[in-house]
Structures are given as C-alpha cells and as structure tokens.
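Each chain is listed here by its residues.
Protein chains: 2
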Amino acid sequence: MKRKVFFISDRTGITAEMFGQSLLSQFEEADFEELTIPFIDSVKKAESACRVIAEAEAETGLRPIVFDTIVTPEIRQIIQSSGAMVLDFFHTFIGPLETELGLSSGFRVGKTHSLTDGKAYDSRIDSVNFALNNDDGISTRHYNNADVILVGVSRCGKTPTSLYMAMQFGVKAANYPFTEDDMENLRLPADLKKHKQKIFGLTINPNRLHDIRTERKANSRYASLKQCQYEVREVEALYRREKITHLNTTSRSVEELATKIMASTGIKRQGF
Amino acid sequence: MKRKVFFISDRTGITAEMFGQSLLSQFEEADFEELTIPFIDSVKKAESACRVIAEAEAETGLRPIVFDTIVTPEIRQIIQSSGAMVLDFFHTFIGPLETELGLSSGFRVGKTHSLTDGKAYDSRIDSVNFALNNDDGISTRHYNNADVILVGVSRCGKTPTSLYMAMQFGVKAANYPFTEDDMENLRLPADLKKHKQKIFGLTINPNRLHDIRTERKANSRYASLKQCQYEVREVEALYRREKITHLNTTSRSVEELATKIMASTGIKRQGF
Numbered sequence: 112m113k114r115k116v117f118f119i120s121d122r123t124g125i126t127a128e129m130f131g132q133s134l135l136s137q138f139e140e141a142d143f144e145e146l147t148i149p150f151i152d153s154v155k156k157a158e159s160a161c162r163v164i165a166e167a168e169a170e171t172g173l174r175p176i177v178f179d180t181i182v183t184p185e186i187r188q189i190i191q192s193s194g195a196m197v198l199d200f201f202h203t204f205i206g207p208l209e210t211e212l213g214l215s216s217g218f219r220v221g222k223t224h225s226l227t228d229g230k231a232y233d234s235r236i237d238s239v240n241f242a243l244n245n246d247d248g249i250s251t252r253h254y255n256n257a258d259v260i261l262v263g264v265s266r267c268g269k270t271p272t273s274l275y276m277a278m279q280f281g282v283k284a285a286n287y288p289f290t291e292d293d294m295e296n297l298r299l300p301a302d303l304k305k306h307k308q309k310i311f312g313l314t315i316n317p318n319r320l321h322d323i324r325t326e327r328k329a330n331s332r333y334a335s336l337k338q339c340q341y342e343v344r345e346v347e348a349l350y351r352r353e354k355i356t357h358l359n360t361t362s363r364s365v366e367e368l369a370t371k372i373m374a375s376t377g378i379k380r381q382g383f
Numbered sequence: 112m113k114r115k116v117f118f119i120s121d122r123t124g125i126t127a128e129m130f131g132q133s134l135l136s137q138f139e140e141a142d143f144e145e146l147t148i149p150f151i152d153s154v155k156k157a158e159s160a161c162r163v164i165a166e167a168e169a170e171t172g173l174r175p176i177v178f179d180t181i182v183t184p185e186i187r188q189i190i191q192s193s194g195a196m197v198l199d200f201f202h203t204f205i206g207p208l209e210t211e212l213g214l215s216s217g218f219r220v221g222k223t224h225s226l227t228d229g230k231a232y233d234s235r236i237d238s239v240n241f242a243l244n245n246d247d248g249i250s251t252r253h254y255n256n257a258d259v260i261l262v263g264v265s266r267c268g269k270t271p272t273s274l275y276m277a278m279q280f281g282v283k284a285a286n287y288p289f290t291e292d293d294m295e296n297l298r299l300p301a302d303l304k305k306h307k308q309k310i311f312g313l314t315i316n317p318n319r320l321h322d323i324r325t326e327r328k329a330n331s332r333y334a335s336l337k338q339c340q341y342e343v344r345e346v347e348a349l350y351r352r353e354k355i356t357h358l359n360t361t362s363r364s365v366e367e368l369a370t371k372i373m374a375s376t377g378i379k380r381q382g383f
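So the sequence lines, in the order shown, correspond to chains D and W.
The opening residue of the first sequence carries number 112 in the working numbering; numbering runs sequentially from there.
The opening residue of the second sequence carries number 112 in the working numbering; numbering runs sequentially from there.
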C-alpha cells in the first residue's frame with residue numbers, strides 16, 4: 112500500500128505542492144500517492160477534507176501526510192486535528208519571523224502569489240504576450256523592448272525557456288532561430304547585430320537534437336543526425352566567433368536554464 | 112533602510128523564492144530588498160554568500176533574513192553561521208519526516224524539480240508545444256489529443272492560462288477564440304461540438320476587456336466598450352445555452368484559473 116500524501120491549501124495548492132514535493136523527493140525509496148485539495152477556505156470544506164484524510168488512513172492502514180499552506184488559524188487547526196502527520200508551512204515559520212521583525216503577520220488568505228493586484232501580474236502577462244509575439248523570429252521589430260533575445264537552432268529549447276522567463280520572472284524574452292538556410296556562411300543578421308548585448312545563445316547535443324526532431328518529422332533531412340551535427344557545429348562556431356555567451360540545454364531543466372540566463376545577463380527578476 | 116532578504120539555494124532558487132516570498136507577503140507593512148543567490152553548491156560559494164550577507168548587515172544596520180533550500184548539511188551550516196536570521200526549509204521538515212517514515216533522506220542536491228530526467232519533464236515540454244501549436248484556434252486537428260479546450264473572446268486570458276496549465280501541470284490545453292465574425296448568430300463550430308466535453312469557457316468583465324484591448328489597439332472598433340459588451344454578452348449567452356462550465360478571469364490570477372479548471376474538469380496533474 113502506498114502512503115497517501117495530501118497538499119492542502121486555501122488557495123491554488125501550488126505552493127503546498129512545491130513545499131511537499133521538494134521534501135518528498137528526498138525520500139527516494141518511499142512510494143506515495145499524492146492528492147491536492149485546493150481552495151479549503153471554510154470550516155465546512157476543512158471538515159470535509161478531514162473526512163477524506165480519515166478514509167485514506169482507513170484504506171491504507173498508514174498514517175497520511177499532509178503538507179498545508181493554510182493561513183487562517185481556525186481552518187488550520189481543523190486540518191491539524193485530522194489524525195494525519197501535518198506539516199504546516201505558515202505556522203512553522205511565521206512565529207519566528209514575527210519575533211525577528213517585531214511585527215504581526217496579516218494572516219490573510221491569498222496574499223501569496225497575489226498576482227491579480229496590479230503590476231507584477233500585468234508585467235508577467237505582458238511578458239508572456241511579448242514572448243509569443245516575438246517567438247521564433249516572427250518579428251524583430253520589438254527587439255528594442257526585449258530584455259533578452261535567445262538564439263539557437265530549431266528545437267534547442269528557445270520557446271519554453273522564453274515562456275518560462277516570462278511567466279516566472281516577468282522578463283521579456285524574444286527568440287530567434289538559426290535555420291538551415293542560414294547555415295552556409297552563418298552570421299548574425301543585421302536585426303540581431305543591433306541588439307548584440309541582449310543576445311544569449313542556446314546549444315544542444317546533436318544526438319538529443321536528432322531525437323527531438325525525429326519525433327517531429329521522422330526521416331527528414333531536418334531530423335537527420337548529420338544535419339543536426341552540422342547546424343550545431345556552425346552555430347557553436349558563431350557563438351565563439353562573436354563571443355556570445357551560451358548554454359547547453361541538453362541536460363538542463365527549463366527552470367535551470369532560465370535562472371542561469373538571469374544570473375549571467377544580470378536581468379532583474381520581477382518576482383512572482 | 113530596507114531590510115535585506117536573501118533566497119539562497121544550491122539549485123535555481125525558485126523554491127527558495129516561493130518559500131520566502133509567500134511568508135514575507137504576510138508582512139504587509141514591512142519593506143524588504145530581495146536578492147536571490149542561486150547555485151550555492153560548494154563551500155567556497157557558500158563562504159562568498161556569507162560575505163554578501165555580512166555586507167548587507169553592515170550597510171543597512173539591520174539583520175538580514177535568509178530563506179534557504181540547501182540540501183547538503185555542510186553547506187547549510189556555513190549559511191547558518193552567517194549572522195543572518197536563517198530560515199531553513201529542508202532542515203526544518205526533513206527530521207520529522209524521517210521519523211514518521213522510518214527512513215533516511217537522501218540529502219541530494221537537485222532532486223527537487225528534477226525535470227531533466229525523463230517523463231514529467233518531457234510531458235511538460237510536449238504540453239507547452241501543444242499549447243503553442245493549438246493556440247488561438249490556429250489548428251483544430253489535434254483536439255482529440257487535448258485534455259481541455261479553452262474558449263472565449265479575444266484577450267480574455269486563454270493563452271496565458273493554457274500555457275500555465277502546460278508548464279505547471281503538464282496538461283495539454285488548446286484554445287479557441289470567438290471572434291467578431293462569429294458573434295452574429297453565435298454557436299459552437301462543428302470542430303468544437305465534437306469535443307464538447309472538453310470545452311471550458313472563459314469570460315471577462317467588459318470594462319476590463321475594453322482596457323486590455325485599448326492597450327493593444329486604441330480607438331478601434333475591436334477595443335470599443337460597446338463591442339466588448341456585445342461580445343461578452345453573446346458568449347455568456349452561448350455558455351448558458353450550451354451548458355458550458357465557465358469562469359470569469361477578471362480578478363483571478365493565472366494560477367487560480369488553471370487550478371480551478373483542473374478541479375472542475377477533473378484532469379489529473381502531472382506534478383512538477
């Protein structure tokens with residue numbers, strides 16, 4: 112029987128999942144069944160969550176584990192009484208922070224990721240739209256508004272990285288592909304040259320690129336290992352020639368790529 | 112002087128930021144200056160982070176606050192000795208979890224969000240590509256592979272929501288706009304009708320829509336309040352007629368929209 116794990120929140124449950132999963136990932140041998148219960152913002156809902164937890168214990172014979180990010184003390188106490196092992200995010204840290212700051216906390220639901228109110232949120236949505244409107248070299252007209260321009264061969268990871276940067280950091284990331292037609296005598300197009308200080312290169316292992324492109328267009332010249340090797344070689348040579356900072360995407364997550372690009376370029380995060 | 116806050120991690124720092132910012136957001140009156148220090152994965156880097164922390168204290172006269180998600184005990188101890196108030200994510204919770212599970216944790220760096228290894232990561236990237244390839248009704252051919260199809264008027268929030276669902280939950284979300292041409296005699300196009308059980312409607316306050324469209328195309332018919340009111344009225348009538356579940360995006364964050372859609376449709380999250 113797998114032990115049941117619950118992520119419980121008065122909001123979306125995304126922080127609770129992150130909180131719990133990053134801890135559970137440290138226990139590789141253990142096997143869990145995970146369930147998120149979001150929007151527990153009333154006594155009634157909390158009591159109904161407790162019943163689900165009790166059923167999980169009856170079913171598995173194992174004490175469930177609860178990771179919660181509930182702000183309201185009254186609702187949190189109901190979850191605490193569920194019989195599960197409850198690891199409580201706010202309760203654990205708010206006390207010490209209140210002491211250190213000499214302030215009382217607001218205990219207000221929905222203040223984490225309060226994206227709706229104003230600037231941070233608008234900036235992220237603007238940035239997502241920017242990434243979409245400036246994806247794949249569709250347009251180069253707005254490069255003066257870009258924080259960064261990611262370049263690289265087709266399918267090396269430019270689009271997910273620019274979207275992630277927009278969504279997580281509110282950063283305006285355009286991206287521009289070097290295509291097959293560019294390869295013979297590869298150089299920076301004039302539109303890019305003008306914004307050279309904003310360019311950041313991505314590269315990838317040719318074998319991995321071959322796999323990705325094969326998935327998309329099997330048995331094409333585009334996907335052939337030979338073509339992948341050729342394009343990667345030419346693009347990496349360009350990076351060296353033009354002294355373009357670059358990263359290999361092959362074994363890096365989008366999070367890691369985005370963070371490294373932020374650190375390397377010094378672009379400021381807009382926060383959540 | 113603002114008190115300085117550091118988010119320190121041996122990886123990207125994204126969990127550390129989420130950890131710290133969700134707590135700091137409970138202290139509305141306080142004013143912080145935030146800095147993320149990612150990739151602190153050696154003794155040398157940890158010592159250099161300590162120097163930055165000490166300088167912050169000397170500069171502001173206020174004890175800095177550190178939120179860290181460092182896994183390795185040796186490196187964590189160096190940060191603990193920095194003189195700051197250190198709130199440590201792993202150290203706080205891993206002990207109780209080890210006791211409860213009767214297991215030792217792995218203390219392995221980079222196991223949180225280990226997206227690179229395999230399925231979860233590929234599924235998220237696939238889903239981002241799916242969202243992009245099926246954005247804005249560009250193509251309806253792949254709707255049989257979609258987990259959900261978001262519909263609504265132009266600029267009501269479909270694209271960011273489908274991208275967020277892809278990125279956070281690995282869910283394949285297509286989206287389809289009802290345009291001005293559709294409005295007179297609005298009904299579900301045949302391509303959508305076939306997949307009616309997958310359709311989820313978005314709507315928006317006409318005044319907010321007017322603001323958003325004005326930003327994009329000022330003084331156009333498209334952006335006029337009258338047109339916005341008309342489109343929203345027609346689309347909401349369609350939702351009622353066809354009994355399409357729908358949400359108003361006006362004062363909801365993308366996270367909240369995505370989570371509510373997941374809960375309402377019962378689509379399973381793919382985890383991080």
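Hints are computed from structural coordinates only; laboratory data are not their basis.
Some hints could be false.
The list treats identical chains as one, so a pair stands whether inside a single copy or across any two.
Calculated pairs, DSS-like style, for lysine-lysine (alpha carbon to alpha carbon, straight line, at most 27 Å) [claimed, not checked]: (1) 113 with 305; (2) 337 with 371; (3) 155 with 328; (4) 307 with 113; (5) 155 with 371; (6) 337 with 379; (7) 337 with 156; (8) 113 with 309; (9) 328 with 156; (10) 371 with 305; (11) 155 with 305; (12) 113 with 337; (13) 304 with 155; (14) 156 with 305; (15) 155 with 337; (16) 156 with 379; (17) 309 with 155.
We went through each hint and held it up to the structure:
no.: 1; hint: 113 with 305; in the structure: neither (57 Å within a copy, 38 Å between copies)
no.: 2; hint: 337 with 371; in the structure: neither (30 Å within a copy, 46 Å between copies)
no.: 3; hint: 155 with 328; in the structure: neither (53 Å within a copy, 46 Å between copies)
no.: 4; hint: 307 with 113; in the structure: neither (53 Å within a copy, 35 Å between copies)
no.: 5; hint: 155 with 371; in the structure: between (45 Å within a copy, 19 Å between copies)
no.: 6; hint: 337 with 379; in the structure: neither (39 Å within a copy, 39 Å between copies)
no.: 7; hint: 337 with 156; in the structure: neither (59 Å within a copy, 40 Å between copies)
no.: 8; hint: 113 with 309; in the structure: neither (49 Å within a copy, 31 Å between copies)
no.: 9; hint: 328 with 156; in the structure: neither (49 Å within a copy, 44 Å between copies)
no.: 10; hint: 371 with 305; in the structure: within (24 Å within a copy, 44 Å between copies)
no.: 11; hint: 155 with 305; in the structure: neither (60 Å within a copy, 38 Å between copies)
no.: 12; hint: 113 with 337; in the structure: neither (46 Å within a copy, 56 Å between copies)
no.: 13; hint: 304 with 155; in the structure: neither (61 Å within a copy, 37 Å between copies)
no.: 14; hint: 156 with 305; in the structure: neither (57 Å within a copy, 35 Å between copies)
no.: 15; hint: 155 with 337; in the structure: neither (63 Å within a copy, 42 Å between copies)
no.: 16; hint: 156 with 379; in the structure: between (40 Å within a copy, 21 Å between copies)
no.: 17; hint: 309 with 155; in the structure: neither (53 Å within a copy, 30 Å between copies)
Checked against the numbered hints given earlier, the structure breaks hints 1, 2, 3, 4, 6, 7, 8, 9, 11, 12, 13, 14, 15, 17 and satisfies all the rest.
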